[in-house]
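Each residue of the sequence shown is one higher than the one before, counting from 2 in our numbering.
Don't read these hints as lab results, they were simulated from the structure.
Quick caveat: nothing in here was measured; it's all calculated off a predicted structure.
Be aware that one or more of the hints could be misleading.
[Unchecked claim] Below, in silico cross-link-like pairs of lysine to any residue (SDA-like), each with a Cα-Cα straight-line distance of 25 Å or less: (1) Lys18 <-> His78; (2) Lys18 <-> Val93; (3) Lys279 <-> Glu125; (4) Lys279 <-> Glu217; (5) Lys279 <-> Ala95; (6) Lys82 <-> Met171; (7) Lys165 <-> Thr185; (8) Lys18 <-> Pro107; (9) Lys82 <-> Asp102; (10) Lys279 <-> Arg252; (11) Lys4 <-> Phe204; (12) Lys82 <-> His153; (13) Lys4 <-> Ile232; (14) Lys18 <-> Leu167; (15) Lys165 <-> Thr200; (16) Lys4 <-> Asp102; (17) Lys82 <-> Val202.
[Said to hold, decoys possible] Pair ranges (Cβ atoms, derived): (18) Lys82 <-> Pro29: 39 to 47 Å; (19) Arg94 <-> Pro267: 41 to 49 Å; (20) Arg265 <-> Gly173: 30 to 38 Å; (21) Asp26 <-> Gly222: 17 to 25 Å; (22) Ser99 <-> Asp141: 35 to 43 Å; (23) Val83 <-> Asp248: 41 to 49 Å; (24) Tyr247 <-> Leu90: 44 to 52 Å; (25) Pro267 <-> Thr54: 37 to 45 Å; (26) Glu125 <-> Trp266: 19 to 27 Å; (27) Arg265 <-> Asn233: 33 to 41 Å; (28) Asp154 <-> Asp206: 45 to 53 Å; (29) Pro29 <-> Glu209: 22 to 30 Å; (30) Asn233 <-> Ala95: 31 to 39 Å.
In this text, a Cβ means the ideal position worked out from N, Cα and C, and glycines have one as well.
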Amino acid sequence: MDKDLAYIVSGGRTGTKYFGEMLCDFIPEAYSVHEPDLLDVEDPRKLLGQIRTFGLWHMVFGRLMGKTGIRTLATRHLAGKVSDEIQFLERVRAQRASYYDSLESPLIIESYSQWYGLLPQIRELYPDARIVGIIRDPRDWVVSWLNHGRRHDGRDRVTLFGQKRLTPVMVGEADLVPDWEALTPFERLCWDWRIVNNTIVDFCDQDEASRIYRFEDLFLGEDDTAMRDLINFVAQHPSRTYEHTYDAQLRRQKVNTRASRAERWPQWTPEQVQHLEKMCQPLMSRFG
């Protein structure tokens with residue numbers, strides 16, 4: 002495949018879709034891809050556009066049957082449900098091969114959080130791909146998900162559409178969280194942050210073509226060093242270095258913000274603070 006690739010992964014609530022689109026403003030020859038996580042039944046026109054992009058089987062029937070979608074494959078990999086590695090690798094490749102080939106842009110930026118569960122497969126399939134992990138302070142990340150909803154609550158589309166979210170049992174951490182079914186959404190989100198970001202860090206720390214950035218360094222404050230470094234990293238490939246620019250005004254735009262319904266972390270109970278620290282340390286000290 003005659004394309005250069007970059008993957009932006011995270012635990013969600015880091016503006017990855019917006020970020021991918023923003024990078025295309027900075028790197029004119031790039032094209033941003035953001036696979037929708039689930040069917041957007043609230044907006045039929047948007048759903049139709051998604052089907053046109055990714056195909057009816059991939060977007061609808063395959064997902065309902067648990068056979069297509071990056072989330073489906075990532076969950077199987079992380080849960081140790083892959084029996085044939087070669088066949089599984091081909092399934093991952095097939096999710097995108099024809100779509101990548103159909104695009105004219107020489108640089109494709111994938112900005113979808115669920116790729117975090119397929120990082121070894123990305124590296125096997127695309128040895129020169131750039132991988133960017135974005136990690137947000139768990140205290141703010143948990144609050145952001147509680148405000149957003151649709152995760153571990155009655156509006157959770159993952160479970161409503163018959164798919165599965167990772168649980169401690171699936172990844173061998175049942176001893177750490179023995180009472181998963183009794184946990185509140187807050188408590189489950191703390192574990193989610195742990196498993197997602199440990200997965201990202203464990204891979205990226207050992208991979209020369211990967212970088213990790215703190216969400217706060219990229220989008221908050223006046224220092225734009227991290228953002229400039231990321232743009233330069235995504236633009237550099239063995240085949241060539243893509244021309245790129247930078248606009249500080251775009252960086253300052255708010256991403257995925259809304260009025261807070263959940264308590265900000267300084268108002269948490271001692272039990273909540275203790276639970277988050279139990280789940281998120283020691284990684285929290287590095288990125289919090």
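For each hint, the structure was consulted:
The straight-line distance between the Cα atoms of Lys18 and His78 is roughly 24 Å, inside the 25 Å bound, and the hint therefore holds. Distance hint between Lys18 and Val93 is fulfilled; the C-alpha atoms sit about 21 Å from each other, no more than 25 Å. About 34 Å separates the Cα atoms of Lys279 and Glu125, which puts this hinted pair outside 25 Å; it is violated. Under the criterion of a C-alpha separation no larger than 25 Å, the hint pairing Lys279 with Glu217 is consistent with the structure, at around 22 Å.
Pair hint Lys279 plus Ala95 does not hold up; C-alpha atoms about 39 Å apart against a cutoff of 25 Å. Restraint check: the Cα-Cα separation between Lys82 and Met171 comes to about 9 Å, which is no more than 25 Å; the hinted pair holds. Taking the CA atoms of Lys165 and Thr185, the gap is near 17 Å; set against the 25 Å cutoff, the hint holds. Taken as a hint, the Lys18 and Pro107 pair is honoured in the structure, with Cα atoms around 19 Å apart against an allowance of 25 Å.
Between Lys82 and Asp102 the alpha-carbon distance is near 29 Å, which puts this suggested pair outside the 25 Å criterion. As the CA atoms of Lys279 and Arg252 are separated by approximately 33 Å, the hinted pair breaks the 25 Å bound. Among the hinted pairs, Lys4 with Phe204 is consistent with the structure: their alpha-carbon atoms are about 23 Å apart, no more than 25 Å. For the suggested pair Lys82 and His153, the alpha carbons sit about 23 Å apart, so the restraint of at most 25 Å is met.
For the suggested pair Lys4 and Ile232, the alpha carbons sit about 18 Å apart, so the restraint of at most 25 Å is met. For the hint linking Lys18 to Leu167, the alpha-carbon distance of about 22 Å falls within 25 Å, and the restraint holds. Distance hint between Lys165 and Thr200 is fulfilled; the C-alpha atoms sit about 18 Å from each other, no more than 25 Å. Between Lys4 and Asp102 the alpha-carbon distance is near 8 Å, which keeps this suggested pair within the 25 Å criterion.
Annotation: proposed proximity of Lys82 to Val202 holds, straight-line Cα distance about 22 Å (limit 25 Å). Remark: the range hint 39 to 47 Å for Lys82 to Pro29 is upheld by a beta-carbon distance near 41 Å. Range check, Arg94 to Pro267: about 46 Å between beta-carbon atoms, so the 41 to 49 Å window is met. Against the hinted window of 30 to 38 Å, the Cβ-Cβ separation of Arg265 and Gly173 comes to about 33 Å, which satisfies the hint.
Checked against the hint of 17 to 25 Å, the pair Asp26 and Gly222 passes, with Cβ atoms roughly 21 Å apart. Between Ser99 and Asp141 the beta carbons are some 39 Å apart, a value that agrees with the proposed interval 35 to 43 Å. At roughly 42 Å, the beta-carbon separation of Val83 and Asp248 lies within the given 41 to 49 Å, and the hint holds. Look at Tyr247 against Leu90: about 36 Å separates their beta carbons, and that is not inside 44 to 52 Å.
Against the hinted window of 37 to 45 Å, the Cβ-Cβ separation of Pro267 and Thr54 comes to about 42 Å, which satisfies the hint. Under the hint 19 to 27 Å, the C-beta atoms of Glu125 and Trp266, about 39 Å apart, miss the expected range. In this structure the supplied range 33 to 41 Å holds for Arg265 paired with Asn233, their Cβ-Cβ distance being about 34 Å. Checking the proposed 45 to 53 Å range against Asp154 and Asp206 shows it is violated: the Cβ atoms sit about 33 Å from each other.
For the pair Pro29 and Glu209, the beta carbons lie near 27 Å from each other, so the given range of 22 to 30 Å is met. One distance hint, 31 to 39 Å for the beta-carbon pair Asn233 and Ala95, holds here, with the actual separation near 32 Å.
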